[in-house]
Amino acid sequence: MEVMELVNRYINNSNLIIEIIRRNIMKRGYPIYIPNKALYGWIDEDFPRDGEYFFYTGLMYQMAPYIERIVNMLQKLRSGVLFKVINILNRVVDVSRFSSKPSHEEVMKMHKIIRNIYSLVYRSGLSVWYDPSIDKYAGVLLYEFGLMDDLKIYAERISDALSSMGVNKIVTIDPHTTYMFKKVFPSLLENYSIEAYSYLELIDEDIFVGSSAEQNKFVIHDPCYYARGVGVFSEPRKLLDRIGVEYIEPKFNRVDTYCCGGPVESLSPLFSAKIGVKRLGMLVDTGADEVITMCPICMANFRRVSKEVNIIDLSELISKYIK
Amino acid sequence: MEDHVKNLSKLIGHDKVYVDPATIKLYSKNAVYYEGNALAIVFPESTEDVSKIVRYAYENDLKIYPQGSASEIVGSSTPKDDGIVMSFVRMRKIKDVSYIDSYVVCEPGVRLVELNNYLKGSGYMFPIDPASIKSATVGGAINSGSGGMMGAKYGTMKDWVLGLEVVLPNEEGSVLRLGGKTTKNREGYDLIRLIVGSEGTLALVTEAILRITLAPEEVVTVAGFFNDLEDLMRCVINIKESKLDILIMEFVDDVTTKITIDTIKPRVSGSGHLLITSVSTVKEAAQRVLDKLIDIYNRNNSSNIVSARSMEEAEALGIFDIRRNLYPATIKIASSSLEVDEEKPYIFVEDISVPPSRLVEAVKRLRNISEKYGFPMTLGGHVGDGNLHPVVWIREGDREKMDQFNNFVMDIMKMAVELDGVISSEHGIGMVKKDGLIMSYRRRNSLYALKLMREIKRIFDPKSILNPDKMLPSDVY
Amino acid sequence: MSGLAELRREILRDVLKCSYCAMCEWVCPTLDVESNNRLYGPRGRVNLIASYFREGVDIGILKESIYTCLVCMACTRQCPAGIDIAEDIRKFRLFLDGGNGVG
Ligand SMILES: Cc1cc2nc3c(=O)[nH]c(=O)nc-3n(C[C@H](O)[C@H](O)[C@H](O)COP(=O)(O)OP(=O)(O)OC[C@H]3O[C@@H](n4cnc5c(N)ncnc54)[C@H](O)[C@@H]3O)c2cc1C
Ligand code: SF4
Ligand code: SF4
Chain Z
1 MEVMELVNRY INNSNLIIEI IRRNIMKRGY PIYIPNKALY GWIDEDFPRD
51 GEYFFYTGLM YQMAPYIERI VNMLQKLRSG VLFKVINILN RVVDVSRFSS
101 KPSHEEVMKM HKIIRNIYSL VYRSGLSVWY DPSIDKYAGV LLYEFGLMDD
151 LKIYAERISD ALSSMGVNKI VTIDPHTTYM FKKVFPSLLE NYSIEAYSYL
201 ELIDEDIFVG SSAEQNKFVI HDPCYYARGV GVFSEPRKLL DRIGVEYIEP
251 KFNRVDTYCC GGPVESLSPL FSAKIGVKRL GMLVDTGADE VITMCPICMA
301 NFRRVSKEVN IIDLSELISK YIK
Chain W
1 MEDHVKNLSK LIGHDKVYVD PATIKLYSKN AVYYEGNALA IVFPESTEDV
51 SKIVRYAYEN DLKIYPQGSA SEIVGSSTPK DDGIVMSFVR MRKIKDVSYI
101 DSYVVCEPGV RLVELNNYLK GSGYMFPIDP ASIKSATVGG AINSGSGGMM
151 GAKYGTMKDW VLGLEVVLPN EEGSVLRLGG KTTKNREGYD LIRLIVGSEG
201 TLALVTEAIL RITLAPEEVV TVAGFFNDLE DLMRCVINIK ESKLDILIME
251 FVDDVTTKIT IDTIKPRVSG SGHLLITSVS TVKEAAQRVL DKLIDIYNRN
301 NSSNIVSARS MEEAEALGIF DIRRNLYPAT IKIASSSLEV DEEKPYIFVE
351 DISVPPSRLV EAVKRLRNIS EKYGFPMTLG GHVGDGNLHP VVWIREGDRE
401 KMDQFNNFVM DIMKMAVELD GVISSEHGIG MVKKDGLIMS YRRRNSLYAL
451 KLMREIKRIF DPKSILNPDK MLPSDVY
Chain L
1 MSGLAELRRE ILRDVLKCSY CAMCEWVCPT LDVESNNRLY GPRGRVNLIA
51 SYFREGVDIG ILKESIYTCL VCMACTRQCP AGIDIAEDIR KFRLFLDGGN
101 GVG
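Residue numbers (this note's numbering), protein chains in the order written: chain Z, 1 to 323; chain W, 1 to 477; chain L, 1 to 103.
You may find that some hints are simply not true.
For lysine-lysine, the following DSBU-like pairs were computed, each having C-alpha atoms within a straight-line distance of at most 30 angstroms [as the list claims (entries may be wrong)]:
id, chain 1, residue 1, chain 2, residue 2
1, W, K10, L, K63
2, L, K63, Z, K169
3, L, K91, Z, K169
4, Z, K274, W, K95
5, W, K265, Z, K183
6, W, K344, L, K63
7, W, K153, L, K63
8, L, K91, Z, K152
9, Z, K217, L, K91
10, Z, K182, W, K265
11, Z, K274, W, K10
12, Z, K217, W, K95
13, W, K10, Z, K251
14, W, K93, Z, K278
15, W, K16, Z, K278
16, Z, K183, L, K91
17, Z, K274, W, K6
18, L, K63, Z, K323
19, L, K63, W, K6
20, Z, K274, W, K29
21, W, K16, Z, K274
22, Z, K307, L, K91
23, L, K63, W, K52
24, Z, K217, W, K283
25, L, K91, Z, K323
26, W, K93, Z, K251
27, Z, K274, W, K120
28, Z, K278, W, K344
29, L, K63, Z, K238
30, Z, K251, W, K6
31, W, K283, Z, K251
32, W, K364, L, K91
33, W, K95, Z, K278
34, Z, K238, W, K120
35, L, K63, W, K80
36, W, K153, L, K91
Examples of chain W residues lying across from chain L (beta carbon under 7 angstroms, computed) [unchecked claim]:
id, residue
37, T23
38, K29
39, A31
40, S69
Everything labelled a hint here was simulated from the structure, so no lab data went into it.
Backbone N, C-alpha and C define an ideal beta-carbon position, used for all residues, glycine too.
Produce the entire structure from the sequences given, and follow the hints as far as they go.
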């Protein structure tokens, strides 16, 4: 009951939270405040500035460590009055700046994941390029909250920016951004012609040495928006098979996967945590030592509920085996 | 009323009692359209909770309406405003399993799909597989006496309950343990089988010991279409004569086959009546059995025959697509038949059985009845055991049709009884078939049976606080 | 027809197909974790939406139910009526938000 009471409180404040996030995205281009260094600090100087596939991070990996902080902050704001004040304040300054900062290691870990993914596509022989000025948050939360009018304006901005730079193919690196580009934008925008691929669809299996040296047992957790959203679930398995990494299938896998709880984090953090605990329980119950994720939201939510279990990103594991 | 809620909250904890109108509304419906009302919804988490609630209800004349997933379709789980819904969804533990002794012990809120997922990998299964396997709970299936596609081989729920823990609706809220972990049991009257199918009118099931069985090593399946119903029936008879171990034997009539193919684009297609037969066998014999089966289909003028050597192959080929999508297709047709946008279609699934040898006659007469009333109808069923499920749909606003509907159902039930069949096979009586019950027993000159049932109910439930007015007609005899 | 009315029609048409069979519930994470109250599962959400449009429901409870949904689409795959459950819930949020300009 205690949890439900809290959920109630948050839901009653949900309009305000939604408003804060909406305003941030529309005005500032991201749902919560993140320093520029965290967003783009992963970039190497010698990235190609031109090529066939634009490397579109969508900023989700970069944001993940910050989400936890901001959620903690919101969690502390219990009274509706305070919320109203905050909301008014947010028109002038981004209130999410006031949350505590994630540790340097956490930020660096995410940066490393992005660089890993970049090398995976690069080594697969694709001509990839990058330019931070058009790599934007894809409006995932606008979509989830049902703010379609805002999303339309926002998506047009993104798509126009990409087109103006001559982009027509992108590689995405997280399921939510992938879903936006593959499923949402095409039905929302007229004259939309960007082809989007998850990096998992583009990796050439032959770049790996096929001899896993892993001692640990792994379990695989499919993100909803890869598995059910865009039908990507056999690709990661093929890669693991190729490398020879053994992995266990948990209860509820592939298209029948079970949500990590992450999506409602901003509205009802405790509810979200409960679901995280439940799913992580299923994953750990398989007897695995490490959990393979493919989504920064899943990773963040599992990390939030347990510091003991080792949660890794698929790219961290497979990039070790690039020839 | 507020007192009741307060007292119940004090008794079992306030987080187990819900009184908000939205929750009450959601627990006052079933999978057809029966909407009731209730004072509160309670969610017991243990036998002790159940017993406490019962004691309170007994003392205060509060009615109790037990509920699993409310997926029943006869009105057996819906409440009225004189009582509370007791939902078993929080009692969901699988407590024990023994492969050597072939049983599993579980709480009533476990869904059948969860039970089978739990057994997966052991080689064992719980063989009662209603089409509602994803929703049906152990408590609901026991109390409905449910059956499924594999009924041809495994019967219904009544054949698979070894033991029960129940709470009686009496002053003490007594907890009884009936039966046990053995298949053989001759300890007096068979109270377990009395409770199976009692639609929550006799006792509250708080734990069940269910028999489990080895899943067949290999299952071969053949599907084929028949222009002539007589050919199909002869095929059924020939298969039965050939002493094959029939697991599934499903039938869909020609009209329905066509509608379903048009609506859902199944992977298997053809025209005429559809017969799907699955036979349980071992790997080594699979091909031989399959050939035999195909031969029987061929001999009886079947067309568009599709066959599979294993269940995996059958799934890959989509052999069951048409049968499984009967319900989805019906919903689709019913929804698209609406004239006004904001109306709801109601879907009614009938549930008669006739001896399999009378199936041809039953199908013909069903069609006449459907024509007489002008109700479009889809028709499928488990031919293995003679259970037919004619389905009709009515717009919620169509008062006239709703009124006719009762006569329509009565005609169907009369027909079943005339062919030496029964008016309900696995769905139950609930609120909708009480008249049918009287009709059926009257025809057999056995109305006294209903009186016996009333008396039994009175002994179990002296104050009639448990699911009152369900299943048993109150007057006549 | 205005955008909002069109949206209402679209959602309502779909949710009214619900036959209350409950086959969507076993996969729903939010139903599972806390109270097991139907309110926090797909069947509850779909029917609350229908009630909201047809008879009216307590808006506080409705929001609680609608905004705890993960829009994870697990339920959608299960529904024999072919209701696009998760999508309807998401669209309904749009509706609750006054259509966010749609109207
Ligand atoms: C699409 C669809 C397909 C179906 N297919 C089939 C089928 O193939 N075969 C079949 O047999 N049925 C079928 N049914 C009917 C129904 O699903 C089954 O009867 C199912 O077993 C009911 O389970 P439930 O948990 O929903 O029970 P409920 O509907 O909640 O309850 C059923 C009865 O059991 C009582 N009850 C529930 N739990 C307890 C308890 N713990 N103690 C005492 N009484 C209790 C209730 O009061 C009620 O009388 C179908 C229904 C639908 C909607
Ligand atoms: S989309 Fe919402 S209702 Fe459907 S399973 Fe996920 S959380 Fe439950
Ligand atoms: S599965 Fe579909 S039809 Fe059945 S209860 Fe859920 S939403 Fe309704």
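A quick look at each hint next to the structure:
1. Among the hinted pairs, K10(W) with K63(L) is consistent with the structure: their alpha-carbon atoms are about 28 angstroms apart, no more than 30 angstroms.
2. This hinted pair does not check out: K63(L) and K169(Z) have alpha carbons roughly 39 angstroms apart, beyond 30 angstroms.
3. For a cut-off of 30 angstroms, the pair hint linking K91(L) to K169(Z) stands: about 29 angstroms separates their Cα positions.
4. Straight-line distance between C-alpha atoms of K274(Z) and K95(W) comes to about 23 angstroms, which keeps the hinted pair within the 30 angstroms bound.
5. Taking the CA atoms of K265(W) and K183(Z), the gap is near 24 angstroms; set against the 30 angstroms cutoff, the hint holds.
6. With a C-alpha separation of about 24 angstroms, the suggested pairing of K344(W) with K63(L) holds against the 30 angstroms cut-off.
7. Taking the CA atoms of K153(W) and K63(L), the gap is near 48 angstroms; set against the 30 angstroms cutoff, the hint is violated.
8. Restraint check for K91(L) and K152(Z): satisfied, since their Cα atoms lie roughly 14 angstroms apart, inside the 30 angstroms limit.
9. A C-alpha spacing of about 41 angstroms is found between K217(Z) and K91(L), which places the hinted pair above 30 angstroms, so the restraint is violated.
10. Annotation: proposed proximity of K182(Z) to K265(W) holds, straight-line Cα distance about 26 angstroms (limit 30 angstroms).
11. Between K274(Z) and K10(W) the CA atoms are separated by roughly 26 angstroms; this keeps the pair inside 30 angstroms, and the hint holds.
12. For the given pair, K217(Z) sits about 28 angstroms from K95(W) by alpha-carbon distance, which is consistent with the 30 angstroms threshold.
13. Only pairs whose Cα atoms come within 30 angstroms are accepted, and K10(W) paired with K251(Z) is rejected, the gap being roughly 38 angstroms.
14. For the given pair, K93(W) sits about 15 angstroms from K278(Z) by alpha-carbon distance, which is consistent with the 30 angstroms threshold.
15. At roughly 21 angstroms between alpha-carbon atoms, K16(W) and K278(Z) fall within 30 angstroms of each other, so this suggested pair holds.
16. At roughly 15 angstroms between alpha-carbon atoms, K183(Z) and K91(L) fall within 30 angstroms of each other, so this suggested pair holds.
17. The straight-line distance between the Cα atoms of K274(Z) and K6(W) is roughly 28 angstroms, inside the 30 angstroms bound, and the hint therefore holds.
18. Between K63(L) and K323(Z), the direct Cα distance comes to roughly 52 angstroms. Violation of the 30 angstroms bound is thereby established for this hinted pair.
19. Between K63(L) and K6(W) the alpha-carbon distance is near 26 angstroms, which keeps this suggested pair within the 30 angstroms criterion.
20. Distance restraint check for K274(Z) and K29(W): the Cα-Cα separation of roughly 29 angstroms lies within the 30 angstroms cut-off, and the hinted pair is therefore satisfied.
21. Between the alpha carbons of K16(W) and K274(Z) the distance comes to roughly 19 angstroms, so the proposed pair stays at or under 30 angstroms and holds.
22. With a CA separation close to 36 angstroms, the supplied pair K307(Z) and K91(L) exceeds the 30 angstroms bound.
23. With a C-alpha separation of about 34 angstroms, the suggested pair K63(L) and K52(W) falls outside the 30 angstroms cut-off, and the hint is violated.
24. With a C-alpha separation of about 33 angstroms, the suggested pairing of K217(Z) with K283(W) is violated against the 30 angstroms cut-off.
25. Proposed proximity of K91(L) and K323(Z) is contradicted: the alpha carbons are some 47 angstroms apart, above 30 angstroms.
26. Note on K93(W) and K251(Z): the hinted pairing holds, with a Cα-Cα distance of about 17 angstroms set against a maximum of 30 angstroms.
27. Under the criterion of a C-alpha separation no larger than 30 angstroms, the hint pairing K274(Z) with K120(W) is consistent with the structure, at around 27 angstroms.
28. For the hint linking K278(Z) to K344(W), the alpha-carbon distance of about 36 angstroms lies beyond 30 angstroms, and the restraint is violated.
29. For the hint pairing K63(L) with K238(Z), the CA-to-CA distance comes to about 42 angstroms; that exceeds 30 angstroms, so the pair is violated.
30. As the CA atoms of K251(Z) and K6(W) are separated by approximately 40 angstroms, the hinted pair breaks the 30 angstroms bound.
31. Of the pairs offered as hints, the one joining K283(W) and K251(Z) holds, with about 28 angstroms between alpha carbons and a cut-off of 30 angstroms not exceeded.
32. As the CA atoms of K364(W) and K91(L) are separated by approximately 46 angstroms, the hinted pair breaks the 30 angstroms bound.
33. For the given pair, K95(W) sits about 19 angstroms from K278(Z) by alpha-carbon distance, which is consistent with the 30 angstroms threshold.
34. Restraint check for K238(Z) and K120(W): the C-alpha separation of about 25 angstroms stays at or below 30 angstroms, so the hint holds.
35. With a C-alpha separation of about 27 angstroms, the suggested pair K63(L) and K80(W) falls inside the 30 angstroms cut-off, and the hint holds.
36. The hinted pair formed by K153(W) and K91(L) fails the criterion: a straight-line CA distance of about 46 angstroms is larger than 30 angstroms.
37. Restraint check, T23(W) versus chain L: the minimum CB separation of about 6 angstroms is within 7 angstroms; hint holds.
38. Interface restraint check for K29(W): the shortest CB-CB distance to chain L comes to about 6 angstroms, inside 7 angstroms, so the restraint holds.
39. Taking 7 angstroms as the C-beta contact cut-off toward chain L, the hint placing A31(W) at the interface holds, the least distance being around 5 angstroms.
40. Annotation: interface hint on S69(W) holds; nearest CB of chain L at approximately 4 angstroms, less than 7 angstroms.
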